[in-house]
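Colleague: Each chain, written out:
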Amino acid sequence: MELVWDILISALLVIGGIFGFVGSLGLVKLPDPMTRLHAPTKAASLGVGSVLIASMLWFGVKQGEVTLHELMITVFIFLTAPITAHFIAKANIFRDWPAEKLPRPSGDGEWAVHQADADTSRGELSVERDLAEQAEDDRA
Amino acid sequence: MIRKFLPHPYLTLILAIVWLLLANAYTINSLVFAILVGLVIPWITAPYWPARARVANPLKIAEYALVVLWDIVMANITVARIVLFMPNAKLQPAWVTVPLDLISPEAITVLSGTITMTPGTLTAELAADGHSLLVHCLHAPDPDEVRDEIKTRYEARLKEIFE
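Heads up: the protein sequence lines correspond to chains A and B, in order. Here the first sequence stands for residues 57 to 196, numbered as in our numbering. Here the second sequence stands for residues 14 to 176, numbered as in our numbering.
Please keep in mind that the hints were generated in silico from the structure rather than gathered at the bench. In this text, all values refer to a predicted model and were calculated from it rather than measured experimentally. Accuracy of the hints is not assured; some may be wrong.
[Claimed, not checked] DSBU-like mimics (lysine-lysine), calculated; alpha carbons at most 35 Å apart, straight line:
1. A:Lys157 <-> B:Lys172
2. A:Lys146 <-> A:Lys85
3. A:Lys146 <-> A:Lys157
4. B:Lys73 <-> A:Lys85
5. A:Lys118 <-> B:Lys103
6. B:Lys103 <-> A:Lys157
7. A:Lys85 <-> A:Lys157
8. B:Lys103 <-> A:Lys85
9. A:Lys146 <-> B:Lys172
10. B:Lys103 <-> B:Lys164
11. B:Lys73 <-> A:Lys157
12. B:Lys73 <-> B:Lys164
13. B:Lys172 <-> B:Lys73
14. A:Lys146 <-> B:Lys164
15. A:Lys146 <-> B:Lys103
Start from the sequences, fold in the hints, and give me the full structure.
Modeller: So, in structure tokens, the structure goes:
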């Protein structure tokens, strides 16, 4: 049994290492800034994820203490990676991609980065509706 | 009345759980502090987040999480393959516009995060009116297929959860 856990934990560590490497390699190998963004956001997150699962197994099985810290690290990575990617992409679009080189959004507007007074959180989105409903509730 | 003390009940619950996990000690002490953190932070931040997020169907969240986790593993293998074995000349990056049916800001945030974490796609930009997403594909010979998959696989599920 001991051996099975050892193999499982080392396999997870090796897989983590491989994906971490692929993420970094992609950063060097892919041709332009937009494609380069793809490698670290995905490969690195699985790489870190499997190292963290290995850590949880090690503490759980070998040391006999339950640690769930690692879940939090995974959650934080999954929350921050897309946001970082979004901002790098935004900066990149602002520098290198004028509106004519991109497909059009479905409505009449422009992409937020090309429109100085963009307010993506308001208007027809559900915020107004929810606020109105809440005001209604408060009166009742 | 209850809104005054509990502006965001889901946030309260999540903060309490996160505190317990971070403290990594499951004692009455940390539970009390977890509840305190969960009550005070939503109360302080309520002016910056006036509308309460709606979750119509909490049970579907588990299904969505499993689908996304599976796709993340698959995404990594696909991207690793492209990085390791595909020559740059053969790569066909593409921009895709995804028109949105979702109107809740929380749902759109989750959708764009999901797109970034899954196969070869990355959310690059939101339209100024908030009704479409600009998605960049690492390798997409058929961009329309990518758009349809995002709409049926993720957006439809999110619509059930949030609206």
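Colleague: Each of the hints needs a verdict: does it hold here or not?
Modeller: Structure-based check of all given hints:
In summary, the hint linking A:Lys157 to B:Lys172 is supported, as the alpha carbons are separated by about 31 Å, within the 35 Å threshold. As the CA atoms of A:Lys146 and A:Lys85 are separated by approximately 22 Å, the hinted pair is consistent with the 35 Å bound. A threshold of 35 Å between alpha carbons decides the hint, and for A:Lys146 with A:Lys157 the separation of about 14 Å falls inside it, so the pair holds. Of the pairs offered as hints, the one joining B:Lys73 and A:Lys85 is violated, with about 39 Å between alpha carbons and a cut-off of 35 Å exceeded.
Our distance criterion of 35 Å between C-alpha atoms is broken by A:Lys118 and B:Lys103, whose separation comes to about 47 Å. Between B:Lys103 and A:Lys157, the direct Cα distance comes to roughly 21 Å. Compliance with the 35 Å bound is thereby established for this hinted pair. Taking the CA atoms of A:Lys85 and A:Lys157, the gap is about 24 Å. The hint holds against a cut of 35 Å. About 13 Å separates the Cα atoms of B:Lys103 and A:Lys85, which keeps this hinted pair within 35 Å; it holds.
For the proposed pair A:Lys146 and B:Lys172, the alpha carbon gap of about 26 Å is at most 35 Å, so the pair holds. About 27 Å separates the Cα atoms of B:Lys103 and B:Lys164, which keeps this hinted pair within 35 Å; it holds. Between B:Lys73 and A:Lys157 the alpha-carbon distance is near 38 Å, which puts this suggested pair outside the 35 Å criterion. With a C-alpha separation of about 17 Å, the suggested pair B:Lys73 and B:Lys164 falls inside the 35 Å cut-off, and the hint holds.
Distance check on the hinted pair: B:Lys172 and B:Lys73 sit about 10 Å apart at the alpha-carbon level, within 35 Å; holds. At most 35 Å may separate the alpha-carbon atoms for a hinted pair to count; A:Lys146 and B:Lys164 meet this at roughly 23 Å. For the suggested pair A:Lys146 and B:Lys103, the alpha carbons sit about 26 Å apart, so the restraint of at most 35 Å is met.
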